[in-house]
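**Student:** If you want the building blocks of each chain, they are given just below.
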Amino acid sequence: MATTAPKAGAFPSPYEIETPPGCEGWEEMYPYYALFDERRREIDENRFWFWNSMHFPVPMPAFDVICIDSPYQAVGSWQNRVFAVPPAMGIDYRCVNGYIYISGNPVTDPAKIAERAEFFQKRAGYYFQNWAELYGKWRVKMEALIRELGELEVPDLPEYESDEVAFGDERNTAFYEVLNAYGRALRLSDLMWQHHFEFLLLGYGAYGTFVEFCKGHLPDIPDQHIAQMVAGIDVLLFRPDAELRRLARLAIETGVDSAFVQGRTPSEIDAELMQSDAGRAWLEELEKVKDPWFNMATGDGLYHYYGSWLDDPSIPYASLIGHISALQSGEQIDRPTEEIVRERDRLAEEYGGLLDEATRGSFNDLLNLSRTVFPYVEEHKFFCDYWFLTRWWNKIREFGALLARNDFLQDGEDVFHLSRYEVASALDELVLSWATGGVPLGPKHWPPIAARRKELLRKLNDWTPPPAIGVTPQAVTDPMTIMLWGVTTERVQEWARQVEGGTVLNGAAASPGVVEGTARVVKSAGQIGEVRDGEILVCGSTSPAWAPIFSKIKATVTDVGGVMSHAAIVAREYGLPAVVGTGRATGTIRTGQTIRVDGSEGTVTVLTVSEA
Amino acid sequence: MTSQLVRPLDQLSLGDEPGFGGKSANLGELLAAEVPVPPGFALSTAAFEAFVHEAGLSDRISRALSGLSVGNLDAIGRASQTIGEAMRRAPVPGSVRTEVAEQYAALGADDPPVAVRSSAVGEDSQDATFAGQQETYLWVRGAEHVCEAVRDCWVSLFSPPAISYRLRLGERAHTPAMGVTVQSMVDAEVSGVMFTCNPVSGDPSMVAINASWGLGLAVVGGEVTPDDYLVSKVTRELVREHVHTKDVQYVPDPSGHGAARVAVAPERQDVRCLDAPALERLVGVARKIERYFGCHQDIEWAVARDDPEGLFVVQTRPVTALAKKTETPKAESAMSLIMSTFGAGKPSDN
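Those protein sequences? They're chains P and X, same order as listed.
Per the numbering used here, the first sequence starts with residue 19, numbered consecutively.
Per the numbering used here, the second sequence starts with residue 3, numbered consecutively.
Next up, chain P with everything else stripped away, as it sits in the complex:
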């Protein structure tokens, strides 16, 4: 057990971290400004940086860096330049061995803080007062944006342009259309990220204030009860699974349930359904459900390989098989919404009743405001991270396919190993050589680069990043760091204690209960299939879109996350013990080890050192 007292210098300097063997040159995948550069050493070495394993648990592919740049451009714009959150500007990031470390920029000048407070009170106040109306408009904006993305065409490069180009009014040639489409694709992504963060800080802030208020007046209240009091009933994120349950019932009613046999692939099931009228009718019903409800991501959306249920129907089909067999054995599979509403109101009334009158007034106001903002907190993920982003990656794949057809890449999927600027450059040369008829250099230039980077990422994946680097802060004061990542002063001190290694990990008690079981370390969504019944999921951060495994596992442990993280909320929905924000669970625990998860105390104990 690690008991070393926290001390200055507990975390390594970002400038002293070694490159893993064989990973030399990893820096080429990332923008110059994303690196710990000697020219900025004096500043960067004296800051506290923590690994953002919640959003970036594995090394970043070059193209996916856009999912770091854009979010931090967007969140900083709203936080720092629109709402002017008084003590905190935006968040800086740096890349070490492919892993992303972040650090907030504080505002320390009291005069500046006071100046910003005036902006904040006025602007945030306006949002809270008009939340429902503004959020209604937001949904319209997002749906329009998703439609526009769907309509964006990636043109091919023809041998001869069509007559329309020659004789029509629309005289754009393919070179322009290709470059324009790529530019527009990037701009649509920027817009999505801008929308993503418009309500996020305020929504999380209102909910977080309620959580803190509860914990101040009811210090022992389980997080789960707070979540239950606020939780939405008609939450969009529950719709996909609700649709699957409806389809499961329909399959039984129309007598096609025998097609859903455990172990069959979706296409095997579809093939059997196609053989009967009832089966075909069921498939038609499925098609209607797919848009939009199959736009659930199979992971948390920030990497290109997190597709949607549309891309990989094995997840919804596994759910269908589960629901059908549950129904066949007479189980009740519907969310007991009436019961949930009753319990949510009962909890609110009972807890309110335990407070004195003045306190109860604040409690009720905060609860109502939290309930107002909560639909956004839940739903922005579906619109932005799932629906938009999974489709957007597919759009980028179309550019990859274009490059691959012209031998600029071996495989269209390799487009994600080029940065977005390199893709622009490759497209530039492609349309240039298409136009001139000359011999392009691209086919000799890009394939070896992509191949080298794939190998680099494979090797970097084995490196375990420290939870924090740089200077140990005396206290974490940045409200955003605390609210969004659950990185508090206590958490940092625990990390510092754990630096020398230990068999007990501490984190936030996110969902109560104690269980022991076999650990399954999952570092990427692709590994979800390896999870076995009754195992304990150990991951960077859990995603609500991993729904099917939540019914299999008996507990969850994550590297990063606070009570505010959506992952924690969903773990509670499933009633699984969960410890979040352990800092280094995926680096410390190995698959096959027996661990004890105490979701009430927030500790994870490694009980055996044996490995599977």
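Simulated from the structure, these hints should not be mistaken for laboratory data.
Keeping only pairs whose Cα atoms sit at most 20 angstroms apart, straight-line, the calculated DMTMM-like set for lysine to aspartate or glutamate is:
# : chain 1 : residue 1 : chain 2 : residue 2
1 : P       : Lys233    : X       : Glu334
2 : P       : Lys541    : P       : Asp480
3 : X       : Lys235    : P       : Glu367
For this one, chain P is given, so just place chain X on it according to the hints.
**Tutor:** Positioned in the frame of chain P, the structure of chain X alone reads:
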């Protein structure tokens, strides 16, 4: 006609506190609230006064106490001894004896075991712990022994800590008074204390329960580290638990009189001593008592050995010193609280 000296617990209510002391009056209220309380009776301060008067102890007590000062522990100790010896030589008045014997007989045949406890009066009852008025005699059998235990309780009014306490309050001249509670004894398999709030965090939504094997003495006296449970009043779920090693317990003495301190069998020391249904029953009783009194309560309870579902409350009193977190957020408007989250509150909040 109700007696002014001795009265059954079920005939007492809070209004009887000045005459019978807080403990007895509270037990009367609990019975009225239909909380399971072992039957018993109470002696009033008038019984004590009759004892002092009939034995002619009044002057002797005043003399022994005169001239004492707070810091002079030797003198206080000598005075305590003098008064105690005189009281022990004096007989319990015949009228008190007769009524005690009558009420005791009503508790059952064959000299049923009882607990005899002091029941402090007035301001003392708030600070009974400091006043040294927490005398408890367990597993007392036979009317004669009950009367002796009653007298021992009275003697405890003049224990050195009790004398010191009153000296500090400047009540030198005042002759103290005390009631006594006599209750049927529960042979406890498990017993302990519970608060209708978390006394450490101040959380009003929790019932904090301490429990250990045997009679309540071990927990109250701090002789074992009891199992520690925190249960939500709202959902009845167990929020936290710490099972400790409980190495000693009190059981009825094999001689038939008093309680004996014995070792807990090794295989039972680390066993959780309350299961979920038992916790559920305790929380139900705690809420009932809290609602009835309208304030947080500190409750002693016991689970009978011959009836695991038989839960008894043997004492309740208001929680006096409740730990309060200093940083409890003030009741403010929701918006100003949210502003504070973002560091945009009033200057004092930053």
